[in-house]
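Residue strings, one per chain:
Number of protein chains: 2
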Amino acid sequence: MNDIPLFGGIEAGGTKIVCASGTGPEDMNRAQFPSGSAPDAALAPVIRWLRCEEERRGRFRALGIGSFGPVGLDPHSPSYGRITTTPKEGWRNADILGTFRRAFPGIPIGFDTDVNAAAMGEHRWGAGRSLGDFVYITMGTGIGAGVMAGGKLLHGLVHPEAGHLRIPRLPGDAFPGICPFHGDCWEGLCSGPAILKRTGIPAEDLPGNHEAWPLTARYTAIALADLVCALSPRRIILGGSVPRAGLLGRDRFLAMVRNGVREALGGYISVPELSGDLSGYIIPPLLEENAGICGALALAETAWEEGRHPTDSRNDVSSR
Amino acid sequence: MNDIPLFGGIEAGGTKIVCASGTGPEDMNRAQFPSGSAPDAALAPVIRWLRCEEERRGRFRALGIGSFGPVGLDPHSPSYGRITTTPKEGWRNADILGTFRRAFPGIPIGFDTDVNAAAMGEHRWGAGRSLGDFVYITMGTGIGAGVMAGGKLLHGLVHPEAGHLRIPRLPGDAFPGICPFHGDCWEGLCSGPAILKRTGIPAEDLPGNHEAWPLTARYTAIALADLVCALSPRRIILGGSVPRAGLLGRDRFLAMVRNGVREALGGYISVPELSGDLSGYIIPPLLEENAGICGALALAETAWEEGRHPTDSRNDVSSR
Numbered sequence: 086m087n088d089i090p091l092f093g094g095i096e097a098g099g100t101k102i103v104c105a106s107g108t109g110p111e112d113m114n115r116a117q118f119p120s121g122s123a124p125d126a127a128l129a130p131v132i133r134w135l136r137c138e139e140e141r142r143g144r145f146r147a148l149g150i151g152s153f154g155p156v157g158l159d160p161h162s163p164s165y166g167r168i169t170t171t172p173k174e175g176w177r178n179a180d181i182l183g184t185f186r187r188a189f190p191g192i193p194i195g196f197d198t199d200v201n202a203a204a205m206g207e208h209r210w211g212a213g214r215s216l217g218d219f220v221y222i223t224m225g226t227g228i229g230a231g232v233m234a235g236g237k238l239l240h241g242l243v244h245p246e247a248g249h250l251r252i253p254r255l256p257g258d259a260f261p262g263i264c265p266f267h268g269d270c271w272e273g274l275c276s277g278p279a280i281l282k283r284t285g286i287p288a289e290d291l292p293g294n295h296e297a298w299p300l301t302a303r304y305t306a307i308a309l310a311d312l313v314c315a316l317s318p319r320r321i322i323l324g325g326s327v328p329r330a331g332l333l334g335r336d337r338f339l340a341m342v343r344n345g346v347r348e349a350l351g352g353y354i355s356v357p358e359l360s361g362d363l364s365g366y367i368i369p370p371l372l373e374e375n376a377g378i379c380g381a382l383a384l385a386e387t388a389w390e391e392g393r394h395p396t397d398s399r400n401d402v403s404s405r
Numbered sequence: 086m087n088d089i090p091l092f093g094g095i096e097a098g099g100t101k102i103v104c105a106s107g108t109g110p111e112d113m114n115r116a117q118f119p120s121g122s123a124p125d126a127a128l129a130p131v132i133r134w135l136r137c138e139e140e141r142r143g144r145f146r147a148l149g150i151g152s153f154g155p156v157g158l159d160p161h162s163p164s165y166g167r168i169t170t171t172p173k174e175g176w177r178n179a180d181i182l183g184t185f186r187r188a189f190p191g192i193p194i195g196f197d198t199d200v201n202a203a204a205m206g207e208h209r210w211g212a213g214r215s216l217g218d219f220v221y222i223t224m225g226t227g228i229g230a231g232v233m234a235g236g237k238l239l240h241g242l243v244h245p246e247a248g249h250l251r252i253p254r255l256p257g258d259a260f261p262g263i264c265p266f267h268g269d270c271w272e273g274l275c276s277g278p279a280i281l282k283r284t285g286i287p288a289e290d291l292p293g294n295h296e297a298w299p300l301t302a303r304y305t306a307i308a309l310a311d312l313v314c315a316l317s318p319r320r321i322i323l324g325g326s327v328p329r330a331g332l333l334g335r336d337r338f339l340a341m342v343r344n345g346v347r348e349a350l351g352g353y354i355s356v357p358e359l360s361g362d363l364s365g366y367i368i369p370p371l372l373e374e375n376a377g378i379c380g381a382l383a384l385a386e387t388a389w390e391e392g393r394h395p396t397d398s399r400n401d402v403s404s405r
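Chains as they are written, first to last, in the working numbering: chain A, 86 to 405; chain B, 86 to 405.
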């Protein structure tokens with residue numbers, strides 16, 4: 086055990102749970118386990134792994150958890166730290182935070198959405214460094230956004246659910262979408278499962294010249310243009326498995342998305358950042374698939390700092 | 086002259102310019118002048134009126150300006166305090182802030198969008214009091230949104246331009262919209278001029294049973310649902326002339342919008358605020374048409390406070 090504070094991080098995703106010990110990307114150990122359909126069975130090996138890390142590296146000062154959702158983020162609500170309305174079998178009302186509180190009593194635990202954690206990771210060490218206003222998007226099994234606004238993660242009433250934006254349909258496209266709540270919202274049209282349903286081919290095997298790519302890119306561009314109108318971000322970080330899936334290549338997918346965003350905005354917002362090819366405005370995550378787990382460590386550090394200097398702005402009356 | 090600080094406020098709109106002296110809604114004097122097509126000619130009587138108020142009531146400690154836009158809000162840009170890409174004749178590049186700086190030298194001047202000013206007014210004295218996360222919408226000549234996020238007005242790269250959200254079209258509606266940039270964005274479909282173009286009747290004369298009302302309400306509901314997904318506000322304040330126009334009545338328009346928002350969200354975000362009839366979630370402005378000018382006084386007060394205790398978070402490196 087030494088004087089450098091050690092943190093534990095957990096990134097709970099719909100497919101796998103990643104966990105880590107360390108202080109950031111430089112000194113992080115990580116492991117991953119399948120999520121499965123039983124939260125307790127899925128979290129037990131995570132807890133065992135973290136305890137082994139503590140035995141090897143020293144006690145954690147705090148934990149940070151980024152979880153798939155929707156999750157309860159209001160500390161005054163009984164749903165705080167729980168998954169709420171997920172369609173994922175077995176995980177509805179799963180008490181993620183409570184499970185780790187019982188396993189690691191007495192230390193602060195930061196809790197947020199998986200995408201907010203990833204935004205936090207990119208803010209601290211990646212493509213959102215020193216930017217107070219940006220959006221981190223992940224397109225994979227679902228589509229989600231973590232929003233940094235005025236230097237703070239945006240929560241509001243619950244947390245943004247940008248995957249469920251309703252967007253205009255492209256002429257001639259009759260695919261009904263797969264979102265059980267909304268059908269053809271952005272996630273219903275462009276998530277990995279939506280691409281599989283549309284084409285019969287998993288996104289990662291989709292040929293580079295398949296017509297689903299320009300469709301997916303154009304719908305994504307319209308959704309991003311809507312986020313520009315709603316949030317005025319200084320940058321959009323576009324991560325997840327879909328942009329790098331298949332035989333198209335992420336560079337070409339991002340180029341199609343950037344073209345579509347420029348077209349959708351129609352030159353209305355005339356600033357240098359939104360002119361040209363947008364190659365500095367819509368970018369991939371710098372931490373790649375480690376954004377979320379690094380962000381979980383950053384959430385742990387924030388929880389630790391707040392435990393030492395209690396000024397949690399989320400309990401500030403002006404933010405309620 | 087007395088010890089209570091006196092402020093001047095200016096709300097520059099596309100049709101009229103409202104100005105006020107005072108500290109808030111309780112002691113405010115106000116006047117209004119047509120915007121016309123020549124900024125200098127339009128602002129001169131505003132400046133004269135404000136100077137008369139100073140002679141009567143004492144010197145202003147600061148001014149606050151809320152302006153129609155898009156406007157430059159980056160203090161480090163040459164476009165700061167100017168209108169940028171407006172389609173409004175004569176006002177492109179108009180130097181609003183500079184005009185008042187020259188007329189009232191030596192006092193701080195707060196500058197923001199008209200809708201951010203209105204959000205500020207409702208935050209300070211109205212329907213957004215003690216809410217750190219809400220959206221103020223105005224639907225009139227244009228559609229705009231002022232966003233409070235984490236207790237601060239959201240600026241980001243420029244400022245939100247929520248009127249230009251692209252939304253799905255309703256089946257059977259072939260109206261192309263009137264936005265010169267986007268055609269059928271929300272503003273292109275639902276602003277006052279859009280309703281006139283669609284129906285041939287000014288919104289204020291539109292019969293209560295005209296089919297344009299449910300269409301306008303449903304498009305507005307989809308746009309608000311998108312803002313819920315992007316921003317997760319704790320409340321939406323829906324102001325402007327369109328909701329209270331015509332022979333329908335604002336209560337019935339708001340009821341149609343609330344129904345549409347509930348339908349568009351499809352029960353996905355399961356919190357009490359978004360259940361039921363949404364009558365506490367989507368509400369009219371409490372300050373009504375005074376939201377913007379009251380907000381301009383609040384912007385003046387903020388500028389004055391920041392002049393005394395310089396901690397402008399917008400100059401904070403973490404917010405850039």
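Rather than coming from a laboratory, the hints here were simulated on the basis of the structure. Where is the CB? At the ideal position from N, CA and C, for every residue including glycine. Just to be clear, a hint being listed does not mean it is correct.
Unchecked claim - Just the calculated beta-carbon pair ranges, DEER-fashion:
id : chain 1 : residue 1 : chain 2 : residue 2 : range
1  : A       : 352       : B       : 336       : 23 to 31 Å
2  : B       : 352       : A       : 348       : 31 to 39 Å
3  : A       : 116       : B       : 351       : 22 to 30 Å
4  : B       : 163       : A       : 129       : 24 to 32 Å
Said to hold, decoys possible - Partial list, derived from the structure: chain A residues whose beta carbon lies under 10 Å from chain B:
id : residue
5  : 134
6  : 269
7  : 315
8  : 318
9  : 349
10 : 361
11 : 362
12 : 364
13 : 365
Unchecked claim - Which stretches of chain A does chain B cover? Using the computed rule of at least three CB atoms under 8 Å from a CB of chain B, they are:
id : region
14 : 237-248
15 : 252-266
16 : 333-345
Now for the hints, and whether the structure bears them out:
For residue 352 (chain A) paired with residue 336 (chain B), a C-beta distance near 39 Å fails the hint of 23 to 31 Å. At roughly 33 Å, the beta carbons of residue 352 (chain B) and residue 348 (chain A) sit within the given window of 31 to 39 Å. Against the hinted window of 22 to 30 Å, the Cβ-Cβ separation of residue 116 (chain A) and residue 351 (chain B) comes to about 37 Å, which falls outside the hint. Take residue 163 (chain B) and residue 129 (chain A): their Cβ atoms lie about 60 Å apart, and the range 24 to 32 Å is violated.
Against a cut-off of 10 Å between C-beta atoms, the interface hint on residue 134 (chain A) is violated, since the closest Cβ of chain B lies about 32 Å away. Using the Cβ-Cβ criterion of 10 Å, the hint placing residue 269 (chain A) at the interface with chain B is satisfied: the shortest such distance is roughly 8 Å. For the restraint placing residue 315 (chain A) at the interface with chain B, the shortest Cβ-Cβ distance is roughly 4 Å, inside the 10 Å limit, so the hint holds. Interface hint status for residue 318 (chain A): upheld, as the beta-carbon distance to the closest one in chain B is roughly 6 Å, under 10 Å.
For the restraint placing residue 349 (chain A) at the interface with chain B, the shortest Cβ-Cβ distance is roughly 6 Å, inside the 10 Å limit, so the hint holds. Checking residue 361 (chain A) against chain B: minimum C-beta separation of about 14 Å lies over 10 Å; hint violated. Of the supplied interface hints, the one on residue 362 (chain A) is violated, with its beta-carbon coming no nearer than about 17 Å to a beta-carbon of chain B, more than 10 Å. Checking residue 364 (chain A) against chain B: minimum C-beta separation of about 16 Å lies over 10 Å; hint violated.
Because the closest C-beta pair between residue 365 (chain A) and chain B is about 12 Å apart, greater than 10 Å, the hint is violated. Check result for the region 237-248 of chain A against chain B: holds, 11 residues qualifying (beta carbon to beta carbon below 8 Å, three or more required). Coverage of a stretch by a chain is defined here by at least three residues with a beta carbon nearer than 8 Å to that chain's beta carbons; for the region 252-266 of chain A and chain B the count is 4, and the condition holds. Beta-carbon proximity to chain B at under 8 Å applies to 0 residues in the region 333-345 of chain A; the threshold of 3 is not reached and the given coverage is violated.
When each numbered hint is compared with the structure, violations occur for hints 1, 3, 4, 5, 10, 11, 12, 13 and 16.
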